[in-house]
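S.K.: Sequence:
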Amino acid sequence: MNFLEPDTDRVVRVSIDAFLEGRLRPDVSGDRVFETKNSRYRLKAGKLVAATSSQLVGSELVGWLVDEESDKARVLPRWSPGARAVLLVKRLGRHIVVTSATLMMEVDGVLVEGSDTRPLSSGKVSTPAMLAVTPPSAQVPMIPKAAPMPSGIGMAIPLPDLTAADAPASAPRAPINPSTPPPGPGPASGQVVPSTPTPPGRTSLG
Numbered sequence: 001m002n003f004l005e006p007d008t009d010r011v012v013r014v015s016i017d018a019f020l021e022g023r024l025r026p027d028v029s030g031d032r033v034f035e036t037k038n039s040r041y042r043l044k045a046g047k048l049v050a051a052t053s054s055q056l057v058g059s060e061l062v063g064w065l066v067d068e069e070s071d072k073a074r075v076l077p078r079w080s081p082g083a084r085a086v087l088l089v090k091r092l093g094r095h096i097v098v099t100s101a102t103l104m105m106e107v108d109g110v111l112v113e114g115s116d117t118r119p120l121s122s123g124k125v126s127t128p129a130m131l132a133v134t135p136p137s138a139q140v141p142m143i144p145k146a147a148p149m150p151s152g153i154g155m156a157i158p159l160p161d162l163t164a165a166d167a168p169a170s171a172p173r174a175p176i177n178p179s180t181p182p183p184g185p186g187p188a189s190g191q192v193v194p195s196t197p198t199p200p201g202r203t204s205l206g
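Heads up, the sequence shown is in our numbering, so the first residue is 1 and it goes up one at a time.
Careful, some of the hints might be misleading.
Below, simulated DSSO-like cross-link-like pairs (lysine-lysine); rule was C-alpha separation at most 27 Å, straight line [stated by the list, open to error]:
#1 K37 x K90
#2 K47 x K90
#3 K37 x K72
#4 K47 x K37
#5 K90 x K44
No lab work stands behind these hints, which were simulated from the structure alone.
Just need the whole structure built from these sequences, with the hints factored in.
M.R.: And the structure:
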């Protein structure tokens, strides 16, 4: 996975805001196919309908990142040779993907000027360079559930016999709930009494 420089990362985030607010509208006319060194993508009406990496299918094109190596990095609505596609994967929340440099663009079967005419190698593996710039607050860790006790397994805890003479005369009996062990003296030496499992809690990151 490639990482963007801080200034370029900020430019990409700003372009996402502009796209969601309707201030940035990429050129998505026609049936478009573009390629990077390792991957091939197909766009229809601004959405990926096919990609070497199937996880990106359904992503929306935000624009094209250019001049990322300089202080003039920006995201434009039109493609140019070497530009990197900025994609928004809404089904994963506000998840942003930036592809590696694009080498070819084809619209309705016609190559756009500046495209590399060499075909993509069929032996390439789907490993597109991309950057996930999802804000940390959008990632909530999953808390694993406590493992249930296997059915059919019980635990017998022997308790010493008590006579009426052993119990205090004035002490009232406390009610015993089904999940509460009966009151009595502590376990004998070497005996382990299992504690009642605590239900797992929830963690929320804001």
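S.K.: Decide, hint by hint, whether the structure agrees.
M.R.: Status of the hints after comparison with the structure:
A hinted pair counts as satisfied when its Cα atoms are at most 27 Å apart, and K37 with K90 qualifies at roughly 25 Å. For the hint linking K47 to K90, the alpha-carbon distance of about 11 Å falls within 27 Å, and the restraint holds. Between K37 and K72, the direct Cα distance comes to roughly 24 Å. Compliance with the 27 Å bound is thereby established for this hinted pair. Proximity of K47 to K37 is assessed by CA-CA distance (about 21 Å); at most 27 Å being required, the pair is judged to hold.
Using a Cα cut-off of 27 Å, the hinted pair K90 and K44 holds, with the two alpha carbons roughly 17 Å apart.
When the structure is compared with the earlier hints, no violation turns up for any of them.
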